[in-house]
Amino acid sequence: MEQLIQHLVNTLILGGTYALLGIGLTLIFGIMNVVNFTHGALYTVGAYLTYLAVAALGLDLFLALPVAILGGLLLGALIEVVLLRPLRGQDIDTTMLVMIGAGIVLQSGTLWIFGGVAKAVPSPFPEAPLQIGPASVSWLRLFVLGAALLLIGLTYALINRTKLGLAMRAAFQDSDTAALMGVNVRVIYTATFAMGSALAAAAGALLGPVYVVHPQMGGLAELKAFAIVILGGLGNVTGAAIGGFILALAEELGAGYISSGYRDAMGFLIIIAVLLYKPTGLFAKAERVG
Amino acid sequence: MSRLLPFALLAALAALPLALGTNPYLLNALIVTGILTIGAMSLNLLLGFTGQLSLGHIAFFGIGAYVSALTSLGFDVEIGFGYRVVHEPWPAAVGFLLAVVAAGLSGYLIGRLSFRVRGAYFVLVTISFAEVVRLVALNWVELTQGPLALTNIPAITLGLPGLGTWTLRTKLQNYYLVLGVGTLCWLVVASLVGSRFGRAMRGLKENESLALSVGINATRTLTVAAVISAAMAGAAGSLYAHYLRIIDPDVFLFSTTVSMVIMVVAGGKGTLMGPVIGGLIFGLLPVALRPVMAPEAQWIVYGLVLIVILFVMPRGIVPGLAALLARRSARAVPVLEASPEVQR
Amino acid sequence: MSPILSVDHVGVRFGGLVAIADLHFDVHAGEIVSLIGPNGAGKTTAFNVMTGFLKPSQGEVRFRGTGLKGLQPHEITRLGLARTFQRTSVFPDDTVFDNVMIGLHRRGASGAAGTSRTPLLDALLGRAGASERALRARAAALLDWTGLGGRAQEKAGSLAYGEQRLVGVALALATEPAMLLLDEPVSGMNASETRVFVRLIRQIRERGITILLVEHDMPMVMEVSDRIVVLNYGRLIAEGPPEAIRSDPAVIEAYLGQGSAARRAAAEVREAAHA
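Residue numbers (the UniProt record's numbering), protein chains in the order written: chain A, 1 to 290; chain B, 1 to 344; chain C, 1 to 275.
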């Protein structure tokens with residue numbers, strides 16, 4: 001029982017970051033119909049930006065997070081304008097392959113610049129964990145959960161309460177009609193990709209200090225983001241948020257009660273199970289025939 | 001001329017070791033390139049000819065490598081409830097055949113599962129499958145030795161009754177083995193593509209609804225393509241295991257799938273020669289780049305090349321060059337009918 | 001005489017939207033029947049149900065006495081019910097000739113006369129020679145018959161729109177159907193192409209193939225049809241020979257009503273855009 005409570009606490013902490021990761025990916029897919037294979041690399045970049053801000057600039061973690069988010073925002077906008085904008089109207093496979101190329105460049109670039117040795121980001125929080133009943137949580141992880149929930153809340157507010165969000169939702173429904181109604185679809189696409197990238201960078205910035213920062217950290221994170229997004233339905237923001245927590249729960253319980261080696265397999269087993277039992281239920285929009 | 005090109009290429013590849021001498025470094029690069037090119041040819045069957053972007057292709061390669069290695073090494077594992085499975089070593093050539101069969105079966109399973117969906121879902125399902133298989137290889141230590149790797153994998157022995165046997169230990173022997181298997185795979189793909197089955201694949205790729213409406217069974221056609229493609233990838237994996245004689249779970253790395261994808265896309269997906277040309281270029285590129293840059297810098301170059309190719313030559317090098325040559329010859333020879341480009 | 005195709009109280013709903021409500025009509029062997037109605041009346045949806053691309057929410061379609069419930073599109077084609085598509089009617093990257101070769105898929109199947117039982121093995125062994133030659137001859141004959149012989153080596157995707165529709169018809173005929181569903185076959189054709197096409201439809205019928213057609217070109221429909229079925233808002237509103245349909249008040253109302261509704265909708269859109 002105590003073990004279960006600890007697992008549930010861990011689920012909550014991990015789930016918040018997973019949700020961030022998934023929301024960023026699903027936004028980009030839903031609005032732009034692009035599977036973002038740079039998502040993992042952007043997650044890594046976010047973690048390294050935090051490391052640089054803390055270790056090189058001497059900022060604390062609270063200030064390093066906005067730096068990472070800003071970095072993700074700019075890098076995302078750059079990728080969109082340089083690589084995706086000229087490819088608008090191409091089939092999804094082409095953009096996927098271009099994004100794979102860009103992901104390789106980013107990931108190998110981080111490896112080239114920072115080397116393969118993992119870096120630790122110093123934490124400003126006390127070492128001793130917080131005891132909540134039978135479970136214990138480190139202050140750092142609590143901060144991570146708080147920041148993740150705050151960012152999810154901000155994303156929701158942006159989508160549902162702002163003019164930009166309204167235009168994004170219009171583009172999600174039907175980009176052609178949105179363009180006819182006077183929405184500047186190009187700007188929306190750039191903003192969407194930048195925002196999704198910033199969320200990935202934020203997730204990296206938050207989990208980097210919890211674990212360690214290394215160039216390959218994004219690979220697995222990206223695959224997990226894919227699992228989350230399939231779980232929630234491609235393009236479904238709330239689905240991705242819930243999917244993040246479900247994946248975290250599956251990983252925690254799988255690692256705790258089955259085998260810790262298969263922790264990372266949970267997401268993929270979930271994908272396969274979802275497809276076995278409800279392949280058509282996953283579609284956001286039915287495809288037209290003819 | 002284009003009909004003779006494959007034969008000319010085969011002759012050139014067969015003669016290559018004579019020209020290179022026995023430089024072990026180059027020969028090694030050629031063997032690994034050849035193995036990856038077989039992988040690329042098998043991927044092309046799905047990606048190029050049916051239009052399904054499978055990014056879990058490395059799973060079939062890795063399954064082939066592990067099945068072949070374990071068949072020839074033997075194993076002794078507990079499968080639960082106190083039962084043990086003990087397998088005594090069999091000849092490596094049997095391992096090769098079992099690798100082909102096992103990879104083909106995995107292709108059938110994953111085909112039945114993932115061809116329920118298309119597009120992005122399909123891509124993500126195939127990646128997930130490869131990742132699950134990698135994690136099994138990493139964690140089922142009793143069978144696979146996990147990260148410690150399977151070592152001392154025997155070399156393949158070929159034998160003809162009455163003529164004796166040869167164990168393929170040298171690089172030169174392995175080179176010709178890879179060339180032989182590669183040629184066989186090429187012939188399989190070539191004959192499939194030119195057949196009724198090949199037309200069904202093309203139909204599905206170009207217009208799936210229309211293909212269904214002329215009576216093509218999509219699931220069956222795609223699954224058969226996946227089985228053949230996976231079996232060929234399994235053959236490549238087996239060659240890899242018996243050549244290197246050591247394998248670890250890193251044979252399942254996503255980056256190897258990406259290498260194969262680059263070979264296919266850059267060479268020309270949906271063409272017979274594309275993966276071969278792409279495979280030779282990108283398999284040997286590291287040899288050229290190694291003296292001048294670090295591996296991570298090479299990967300940056302790979303990524304950039306993939307992007308540039310998709311922007312300037314989206315159909316790939318082979319179709320791109322073919323179109324260029326056709327335009328040249330059309331301009332050189334005055335003809336009565338103008339080419340379509342001129343008419344517009 | 002029992003009908004070749006019967007649409008038996010079929011309904012299709014997408015969520016809350018009713019695309020087809022209780023559609024019920026028969027087509028008899030050898031007939032040319034047209035399915036008409038204003039835009040959004042559910043004609044293409046009906047085609048998609050008949051050919052297995054959509055599952056009806058209620059009712060059933062029967063073809064030559066066989067219920068089509070649960071059958072896949074390719075299985076329905078194999079029963080002898082073929083169709084064309086409104087928008088994309090060709091395999092764009094192949095030549096017209098190869099399009100028809102793809103369309104002849106069923107002819108190369110195991111069990112068909114003069115072909116092998118092991119097609120995949122034949123392909124691997126390069127053994128399909130004789131049946132392949134027979135298929136090529138059939139493809140050439142079919143192209144000549146549809147008047148596409150001169151276009152055989154051109155890429156289907158580069159043909160004019162009207163010719164692409166013809167390729168679509170050739171593809172459907174290649175499956176050797178007993179009945180053919182044509183979805184707006186003359187849209188994009190000029191007057192003379194349409195006249196040629198009407199002749200082609202009659203020739204197809206003379207080969208014993210029953211035809212059901214969805215079309216907006218009213219003069220063409222009136223000229224070619226034996227019988228017309230009229231849909232509006234997913235409901236059958238009239239059924240009968242062309243001369244009866246021409247003067248049917250419900251049909252006239254449907255088309256005029258749609259005109260004014262379209263005007264209203266357009267006005268609303270304009271207002272919304274300015275707001």
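Hint data in this document are derived by calculation from the structure and do not stem from the laboratory. Even glycine gets a Cβ: it sits at the ideal position worked out from N, Cα and C. Be careful, since some hints might not be right.
Derived list of chain B stretches under chain A, where covered just means 3 residues or more per stretch with a C-beta under 8 Å from a C-beta of chain A [unchecked claim]:
no.	stretch
1	119-133
2	175-187
3	290-297
4	309-322
Computed list of lysine-lysine pairs in DSSO-like fashion (alpha-carbon distance at most 30 Å, straight line) [to be verified]:
no.	chain 1	residue 1	chain 2	residue 2
5	C	K155	B	K171
6	C	K55	C	K69
7	B	K171	C	K69
8	C	K55	B	K171
Hint by hint, here is what the structure shows:
Proximity of the stretch 119-133 of chain B to chain A, defined as three or more residues with a beta carbon under 8 Å from a beta carbon of that chain, is established by the 11 residues found. Here the stretch 175-187 of chain B counts 0 residues with a CB under 8 Å from a CB of chain A, which misses the bar of 3, and the coverage is violated. Remark: the stretch 290-297 of chain B is confirmed as covered by chain A, as 3 of its residues place a Cβ nearer than 8 Å to a Cβ of that chain, reaching the required three. With 3 residues bearing a CB less than 8 Å from a CB of chain A, the stretch 309-322 of chain B meets the requirement of three and the coverage assertion stands.
Using a Cα cut-off of 30 Å, the hinted pair K155/C and K171/B is violated, with the two alpha carbons roughly 47 Å apart. Annotation: proposed proximity of K55/C to K69/C holds, straight-line Cα distance about 8 Å (limit 30 Å). At roughly 60 Å between alpha-carbon atoms, K171/B and K69/C are farther apart than 30 Å, so this suggested pair is violated. Among the hinted pairs, K55/C with K171/B is inconsistent with the structure: their alpha-carbon atoms are about 59 Å apart, more than 30 Å.
The structure does not agree with the numbered hints 2, 5, 7 and 8 stated previously, though it agrees with the rest.
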